[in-house]
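Protein chains in written order, with my numbering: chain A, 1061 to 1314; chain B, 1061 to 1314.
Hint data in this document are derived by calculation from the structure and do not stem from the laboratory.
A portion of the hints provided could be inaccurate.
If chains are identical, the list can't say which one is meant, so a pair holds when it fits in one copy or spans any two.
Straight-line alpha carbon distances no greater than 27 Å define the calculated BS3-like cross-link-like pairs of lysine-lysine that follow [as the list claims (entries may be wrong)]:
#1 Lys-1206 x Lys-1267
#2 Lys-1206 x Lys-1091
#3 Lys-1075 x Lys-1224
#4 Lys-1280 x Lys-1233
Model, not experiment: these values are computed from the prediction.
Protein chains: 2
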Amino acid sequence: MLSKQITKIVQNLEKKKFREKYNLFKIEGEKLVGELLHSSLKIHTLIAFSSWIEQNKKVLSNVNTIAVDEREMHGISNFQSLPQVIALAEIPDYPYEPEAVADSLSLVLNGIQDPGNLGTILRVADWFGIRHVFCDENCAGIYNPKCVQASMGAVFRVRVFYTKLPEFLYGLKQKNLPVYGTFLNGEDIYKATLSTRGLIVMGNEGKGISKEIEALTDRKLTIPSFAGHAGSTESLNVGVATGIVLSEFKRRID
Amino acid sequence: MLSKQITKIVQNLEKKKFREKYNLFKIEGEKLVGELLHSSLKIHTLIAFSSWIEQNKKVLSNVNTIAVDEREMHGISNFQSLPQVIALAEIPDYPYEPEAVADSLSLVLNGIQDPGNLGTILRVADWFGIRHVFCDENCAGIYNPKCVQASMGAVFRVRVFYTKLPEFLYGLKQKNLPVYGTFLNGEDIYKATLSTRGLIVMGNEGKGISKEIEALTDRKLTIPSFAGHAGSTESLNVGVATGIVLSEFKRRID
Chain A
1061 MLSKQITKIV QNLEKKKFRE KYNLFKIEGE KLVGELLHSS LKIHTLIAFS
1111 SWIEQNKKVL SNVNTIAVDE REMHGISNFQ SLPQVIALAE IPDYPYEPEA
1161 VADSLSLVLN GIQDPGNLGT ILRVADWFGI RHVFCDENCA GIYNPKCVQA
1211 SMGAVFRVRV FYTKLPEFLY GLKQKNLPVY GTFLNGEDIY KATLSTRGLI
1261 VMGNEGKGIS KEIEALTDRK LTIPSFAGHA GSTESLNVGV ATGIVLSEFK
1311 RRID
Chain B
1061 MLSKQITKIV QNLEKKKFRE KYNLFKIEGE KLVGELLHSS LKIHTLIAFS
1111 SWIEQNKKVL SNVNTIAVDE REMHGISNFQ SLPQVIALAE IPDYPYEPEA
1161 VADSLSLVLN GIQDPGNLGT ILRVADWFGI RHVFCDENCA GIYNPKCVQA
1211 SMGAVFRVRV FYTKLPEFLY GLKQKNLPVY GTFLNGEDIY KATLSTRGLI
1261 VMGNEGKGIS KEIEALTDRK LTIPSFAGHA GSTESLNVGV ATGIVLSEFK
1311 RRID
């Protein structure tokens, strides 16, 4: 049975303000909740059909679980076809480890506004072994339900920090960590020498990297177009571009 | 002034059935309509605010144009903030040119169901100079408004054919055109020898490439994960994967 209070909390978690207030976010569906159960995140509450609880009881021993009926699930789900389970998880507070960042490749996101794009970027970052992602406050929130969904669970694994990018980048440049930025008029990424450590900046969907952040980049990279005709696509989707850039950095390491 | 008849037609173009009936599709917004005006597609009607018509009159000499007010635009737009212009364009019927296909790299899409993913794939195909894309009937429709939007205009340039893939692939294999497929358990794409001509099959978002199509592939390729830990992201978004695969094929040509 779902109390009115819990129903209201779950509904409110659509909004960033309430996610921050309760320090909770919402995860819908068997697949994503399965990934959550295998992650290091703390689960506050699982809300599920009895059949799902029965099937999964082995892994639920320490989890606060509420059985609901279809009407109750309908009141808290965004899905077109009802999910078997919805989880509320605690928003983690990762320690910032400058040594780990200085020894690896990290992503820096400058104003990624679409939560679906942000989730796709986290998914590709996780695929390519990126452990740290730094966002400015113009980025969407990673616990937005659309981002959580698009990340396919990467949001439970990649450590995302919201920070003031200019100060952050300036600090790391002092440690000789190269800052790469992706632009439409940079060096051909296929011909560029790329480091195994550093920061890779990806810019806003429409406007690219801001002037302030551009001034802090050491190397400008471009994915060249092979269209070979005028009037072709002007740019790549930022999730796709992130995938291609990380692929180029990582394939050379082996 | 927008007649009731035109209003009804535009509203109906959200549905595939009516796009086929009228052989028309809908394009919203200044940027996309600008790309349309530079493409080879035939424009049936432009519906715009007078201010937009005034600003663009030089390029509109042969175009049937209807000036509307905000109330009328509101009745036919999907956008949250009203677009300056909506176009209805004729769905093109490209001739199939087997010689051009046999001499180049083409994409084959096996059940790409999300119109946003399909649009992203067309955008990246256009970027990498892919001229032909072959879809089966389990793919979303490319003239779905979400696909048109996500393609950022690539849908006006890349030639997309809906066909029965098994027969199509079988026919091209007779011409010694290699068929590459992307799988989770194939050859490392970074180490594979890749041809400058052939077909690259991308599979459904959840299920991948069907068994029937898999049997027709000559080479199985995989984008290796660098996550290096258990329980990481299981797969890449299909738009991102298409970008990485095309990047690998194309960067080597130079």
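Verification of the hints:
In this homomeric assembly, Lys-1206 and Lys-1267 come within 27 Å of each other (Cα to Cα) both inside a single copy, at 22 Å, and across copies, at 21 Å. Both within a single protomer and between protomers do Lys-1206 and Lys-1091 lie at most 27 Å apart by alpha-carbon distance, with minima of 15 Å and 25 Å respectively. For a Cα distance limit of 27 Å, the shortest separation of Lys-1075 from Lys-1224 inside one copy, 22 Å, qualifies, whereas the shortest one across copies, 45 Å, does not. Proximity of Lys-1280 to Lys-1233 under the C-alpha cut-off of 27 Å is restricted to the intra-copy arrangement: shortest distance 15 Å within a copy versus 42 Å between copies.
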